[in-house]
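Engineer: Dock chain G against chain A, hints included.
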Amino acid sequence: MNLTEHILENLPCGCIVFGSDGVMTYVNPAICNSLGYSADHLVGSELDKILTLSSRIFAQTHFFPMLKLQSKVNEIFLNLKSKTGNSVPVMVCVNSTNENGLISYIGTFAPVWQRQEYEQKLILAIGAKDKANQQNDVLSRMANEFERKHQELDSNLSLLRQRTEEYLQIGKVLTHDMQEPIRKIAFHFQALLDQQNIKRNSGSLRNIDVINRSILRLRSFTNALFDFVNLNSGEEVALFLSVTKLITEAVDEVKLSLNVQDLTVRIEQIPGFYGKSTQIKRVFTELLKNSVQNKHMQRPLVVEINAVEIKSNSYRIDTEKYNYVEHVQIEFCDNGIGFESEFESHVFSLSNKLNQNSDGVGMGLPLCKQIISQHHGSITARSKPGEGAIFTIVMPLHQS
Amino acid sequence: MIFAHGFGCGQNMWRYVWPAFENDYQIILFDYVGSGNSDITAYNIERYSDLYGYAQDIIDICDNLGLKEVIFVGHSVSSMVGVLASITRPELFDKLVMVSPSPRYINDQGYRGGFEESDIEELLSTMEKNYIGWANFLAPVIMQNHDRPELGTELTESFCSTDPVIARQFAEVTFLSDNRQDLKKVRHPSLILQCSRDLIAPTEVGQYLQDHLPGSIQKVIEATGHCPHLSAPQETTRLIKEFLS
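Going down the list, the protein sequences come from chains A and G.
Here the first sequence is numbered in numbering that gives the first Met the number 0, starting from 0 and rising by one per residue.
Here the second sequence is numbered in numbering that gives the first Met the number 0, starting from 0 and rising by one per residue.
This is chain A alone, in the form it adopts within the complex (with noise of 0.2 Å):
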């Protein structure tokens, strides 16, 4: 036995030599005892044979690209397994030697028993010390914020209430005090019909008829605006939903509503979440309804009704929170005339109308928006002319 060769075999710490196909080629007695393997049980296996299963995911993803990339890892901590199945934790040091163009790399294994305890108490108080820190930093940083917060939330809301209550009183006059002067008009126009014995030819007969359906308009525009205003002035509570149910109950009022016979609803099993009732069936009649003033005059009005459940952001304006919540998101597709996608978010302000020949008011979709957002939900559309609308709307689970 040469020198160099009793070097190696009475080395305090383990040596491994192993090829780029992490097969060892040669192991050392110290690391035989270490792990109670025989030499020949170990040289012609791979590495992974004495890892733990965790320390094989991190050869695989850490300590093998870095000694691919960089030749050789120092103070790597590992933790082996013995043939018994224990964990013998280990420090490693690799280099990489390439002999005729052959890549192998010489490895020590120290074992760290005492260390290794000394450093988990270190790693247990770093990491209090750490997190003590982080959350006073963040504590103080939170009373900040909370304290400039709460002054804006402040601000807010009473700019909120001001416009809360312009927003009624503007409603209440659109609303009642315009259906009073509508009612006096149609009224006495009939009056007047009645009295003076209007020549039926067909002139007047034109005049005639286009006066009734601006007086219907004017009523249906009013009742549309009242509906839109008075949202929340009822006292419903958010109850957890069967959907389904409500979808079709909302198909049904709908055909029965408008006369239409020639649509089809295709409803998948929609998942609930709370919302109020009368309201969210309110969302599907006005979606449903707008398909079908939207439809395609070549072919029968088809509406596909599907959900899936997700995880979203609870937060809608603070870019810095997440908060993944559950939440039911449900697409609403028609076959209808659709529209250009550059009016996606536009369908949803108020009687902004894309489709001149249709007889809605355009409040339909802004009164959709406004119950969703309510219900801190969302809704998008989009579309491309004459291959239908698609309605996404995404619903929290719970109601908070």
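Treat the hints with care, since some could be wrong.
Label-pair ranges, simulated between beta-carbon atoms [what the hints assert, rightly or not]:
| # | chain 1 | residue 1 | chain 2 | residue 2 | range |
| --- | --- | --- | --- | --- | --- |
| 1 | A | Ser-44 | G | Gly-65 | 46 to 54 Å |
| 2 | G | Gln-206 | A | Gly-126 | 36 to 44 Å |
| 3 | G | Asn-43 | A | Gly-126 | 15 to 23 Å |
These are calculated hints, taken from the structure and not from any lab test.
All C-beta atoms in this analysis are idealised placements derived from N, C-alpha and C, irrespective of residue type, glycine included.
Structural biologist: Positioned in the frame of chain A, the structure of chain G alone reads:
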């Protein structure tokens, strides 16, 4: 075509694969926030405590670049990130390619993911203990491009996850995730690339995915290990091309 890297690495893991597609597709490579050369200051603990936060990275990239009909290629945990992104915004995607995917790593009743909870705890603690040797991971690395000499040597800073705290959280989110219930919601055709002997995503997991993912096909790669895009890039590229044509 978006290539999304997995846990423990960055976008340069794809360097042997993406060039084969650059003539036919617009190629998007990126590092998740907290990985590779990303801007660490953009890391948000709340956002990245859920795989949906990583899915939002994908959606943000699509929205910012105006991408549509995306072919999403994800490695390892990124396959599930792609699943979540495709469920949330189906209109953005065309097809999904999953390289060594797994919907759940920990064994459960009647399900074999390959790991026990204790294995994962040990992994997290191993990562924590390598805090001390972490400087190694941060060292700049010179990488030779033997096959593509025109690229010369590229200086790759921090090949691996750059920040120990972030890497640990990524490991936690990855290995404790359970996306089995999300598979049935996928509506896009998908390719599952399963390695022959993969410690992290064993063959049973590939079969489970094929059985539960509607419209999926599974191809078994002869290469072993968890990173066929590094160890068998030609086979990987060929199978992806077959799937896309």
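Engineer: Measuring from beta carbon to beta carbon, are Gln-206 of chain G and Gly-126 of chain A in 36 to 44 Å?
Structural biologist: 40 Å, holds
Engineer: If I claimed the Cβ atoms of Asn-43 of chain G and Gly-126 of chain A lie 15 to 23 Å apart, would that claim hold in this structure?
Structural biologist: Distance hint for Asn-43 of chain G, Gly-126 of chain A holds at roughly 21 Å.
Engineer: Is 46 to 54 Å respected by the C-beta to C-beta distance linking Ser-44 of chain A and Gly-65 of chain G?
Structural biologist: This hint holds: roughly 52 Å between Cβ atoms.
Going down the numbered hints, you'll see the structure goes against none, and every one checks out.
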